[in-house]
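**Student:** Each chain is listed here by its residues.
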Amino acid sequence: MTTVVFFVIVVSLFPLGVGPEMDRLRPLAAGVLWVAALLASMLSLGRLFAADYADGSLEQLLIAPQPLSLLVLGKILAHWLVSGLPMVLIAPVLGIQYDLTGAPLLVMTLSLLIGTPVLSAIGAVGAALTLGLRGGGVLIALLVLPLYVPVIIFGAGAVEATQSGIGPEGHLSLLAAFLMLSLVVGPLAAATALRISVE
Amino acid sequence: MSQRLVNWFKYSSPATFYGLAGKLVPWFAASSVVLFAIGLYIGFFMAPTDFQQGEAYRIIFIHVPAAWMSMFLYLLMAGYAALGLIFNTRLSGMMAQAIAPTGALFTFIALWSGALWGRPTWGTYWVWDARLTSELILLFLYVGFIALQASIEDPRRADKAGAVLAIVGAINVPIIYFSVQWWNTLHQGASVSLTRAPSMASVMLAGMLIMVFACWFYSIAVVLVRVRAIMLERERSSAWVAEQLADAHA
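In the order they appear, the protein sequences are chains A and B.
Residue 85 in our numbering is what sits at position 105 of the first sequence, and the numbering runs on without skipping anything.
So the number in our numbering is just where the residue sits in the second sequence, counting from 1, plus 94.
Isolated chain B (complex conformation) (with noise of 0.2 Å):
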């Protein structure tokens, strides 16, 4: 048992994390451009162009996962903010810092990208549909941690304030996102759901799931690579990094 619980913890100590993310890295990013070379592929040529939308429905494949990256990886942000707000470990904080980018990101691309669809599909870049607006307040809690996390000097502090602001955020992003849905509703239900089969040919739907987990790897990727310089940078006077620091210069 005692065996098991170490095990659990080894790798929740920056010094020990670093390495296996380090040898993590290159196996994610080479999935992902590997996923991404598919998923573009059935995308493009593979996928037959949509009888009511044509050729400009082809957006989804990065749209779509895109969408569910930005929700999914704000929960998990809330996640690991929470675990180190109640464990008081270190690198959850470090992971909560390095996902917020990778999260704003994708909610950009999917604001961007839902817009361009939108134009040839609504007639309009924007609507002040349900969707589209807690997706753009999603987009603004997560400048909102990034903001706080930068403006406060003490990196311990910032984990902290950031991972209170991550669970009251997390709280309000089902409130928002209801409230928002009563508001006003234009964007189409979900195409894709557990309980029902989905709405769209076999083809489309595999490519979609494809690129959903290239998008996957290359957040874990990104991730990874970045929480591995905080790491570095956070921890740079302590005696594992300059180890590291010197195997590096050998």
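So that you can see chain A by itself, here it is in the shape it has in the complex (with noise of 0.2 Å):
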């Protein structure tokens, strides 16, 4: 729930700090909020694996029959169902604050939902690489920001093409095939990362 609270806050600062005209606030719309879902994403991927780390139930779910990757794969639909999809839910509304409505607003709630899933997948490995870690808050942000940057240039740019009439539908086709790409390689990266983080 925090993580949601901390996406419309940000979102809503933006206005605050760059003027609230709408003519210069609907072309920011997209970015800002692409930039706001990164951040809350990112805040909430220490508690992934804290929590079962700390009270041991972690090792449990290594040696676990089931392969560690699809359990890794739970936890990041889980990560992704309390933090993602709420974002999703409410980024129509805040969309409006921006002025945005019609077709921009639906492909932008559309980019959100296909790229959330991607930044709990990829956020994933950094919460497992950071397990246990002195600052680990700071250190997570450092490794997975940087990999995060696909996911909001065509998030972000489908928003923008369908404003300058391209159509989104190149822009999403990519972002979902990072979806599939990244559901497949980040249990597998975030599973050999926990594995380490706890051996």
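Since the hints were made in silico from the structure, they are not lab data.
There may be inaccurate statements among the hints.
Stretch-level coverage of chain B by chain A, calculated; a stretch enters the list once three of its residues show a Cβ under 8 Å from a Cβ in chain A [as the list claims (entries may be wrong)]:
# : stretch
1 : 232 to 239
2 : 242 to 249
3 : 252 to 264
4 : 267 to 273
Distance ranges between label pairs, derived from CB positions [what the hints assert, rightly or not]:
# : chain 1 : residue 1 : chain 2 : residue 2 : range
5 : B       : Arg250    : A       : Gly36     : 19 to 29 Å
6 : B       : Ala342    : A       : Val178    : 37 to 47 Å
7 : A       : Glu39     : B       : Ala244    : 52 to 62 Å
From chain A, some residues computed to sit far from chain B (all C-beta separations above 12 Å) [what the hints assert, rightly or not]:
#  : residue
8  : Ala31
9  : Leu42
10 : Glu179
All C-beta atoms in this analysis are idealised placements derived from N, C-alpha and C, irrespective of residue type, glycine included.
Please assemble the complex out of the two chains, which come individually in their own frames, going by the hints.
**Tutor:** Printed below as a string of structure tokens:
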């Protein structure tokens, strides 16, 4: 819940910083929402494995008969359900605050729907790598944010393409391709990283 | 066959590699200095002035080699990291750790010299262009790798965690590269490519290639020096380090 509140607050801060003119805010909308989504998704990554690591249930997951990457995939889905999905649901309201309507608003919500699971999947790798480290919170930002670059480019790009009349299909298709790739590579890499961190 | 296998793995042990690296360092260091001298001489005195860009273009003699090295060293680092993860060799992780700062340095040099070159030619120090942005992100990836390794105390865990990060980064590097390229492009296309004739004077090309080799040998020398220090530090309680240090004192 705190994730989505953080998301709303960051998005609301931008008009205070850059000025309230709608003509200036409208082109910024997609970028602002995406940056806020990146930060919000990253903030909650620390909790992905930390509690399980502290009470020892992570070790039970490591020795479970099911493949670890499958269990990690479950963790990623859970992270998305509590951090990504609420942001997708609230995004149309925030978009209206930035004077987005019609097709661009729909495309932005759609791009967040496709893109936020990628953030969870990539973030799981960072969370697993920094498990139990001092200063893990800042470190995870350093590791994960550069890897988020393609997501924000095509997520925000889809909205911009709609606004300029090109159509969002290309951007959304690439975003979906990232989703497929990250759902395969993310759990595998995160599972490897977990074994390294716990051993 | 078994003899060859033994030879392959002989220098994957820090104890034997330490000596080999020590013997190689002066050669690479000296040839790097010589090549730098030749390359800079060609760059400053022999290469003609560019008719479009004037004297400012001479920065390519350091800019292009640095940009190449920055990307190549990342792949090399990821390669060593992967070797370490797969074969569980101690030396690979040390090599990856030793390469990272040099790679970050070249990335920084490429960005910095590019900014100085951009001012007279594009009229601005920085543009959010595809290559500049992807080079900047590459710098972030290097910094992330170094920070992760620095914050883990157990060197074995640091190596493996860094390896996972480097490999995930290496998968992501082409994606980042192309996504940024589709996002925005102002930077000129590559002037040198394997598939067609280079679009620059041969003197310039020669100078640049010499500088590339100079940067190469510099990297090798520095990485070897650094990896020797890492080996001593990590294996300080082992017998071979005690022998080395005793020899050095004697």
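**Student:** Hints first: check each against the structure and report whether it holds.
**Tutor:** Structure-based check of all given hints:
1. By the rule of at least three residues with a Cβ nearer than 8 Å to a Cβ of chain A, the coverage given for the stretch 232 to 239 of chain B holds, with 4 such residues.
2. Residue count for the stretch 242 to 249 of chain B with a Cβ under 8 Å from a Cβ of chain A: 3. That meets the three needed, and the coverage hint holds.
3. With 7 residues bearing a CB less than 8 Å from a CB of chain A, the stretch 252 to 264 of chain B meets the requirement of three and the coverage assertion stands.
4. Judged by the Cβ-Cβ criterion of 8 Å, the stretch 267 to 273 of chain B is covered by chain A as claimed, because 3 of its residues qualify and three suffice.
5. Roughly 22 Å separates the CB atoms of B/Arg250 and A/Gly36, a value that falls within the hinted 19 to 29 Å.
6. Separated by about 40 Å at the C-beta atoms, B/Ala342 and A/Val178 satisfy the suggested range of 37 to 47 Å.
7. Checking the proposed 52 to 62 Å range against A/Glu39 and B/Ala244 shows it is violated: the Cβ atoms sit about 27 Å from each other.
8. Taking the minimum C-beta to C-beta distance to chain B, about 20 Å, the non-interface status of A/Ala31 holds against the 12 Å cut.
9. Even its closest Cβ contact with chain B, about 15 Å, leaves A/Leu42 beyond 12 Å, as expected for a residue assigned away from the interface.
10. The claim that A/Glu179 is not at the interface with chain B is violated, since a C-beta of that chain comes within 12 Å of its own (minimum 8 Å).
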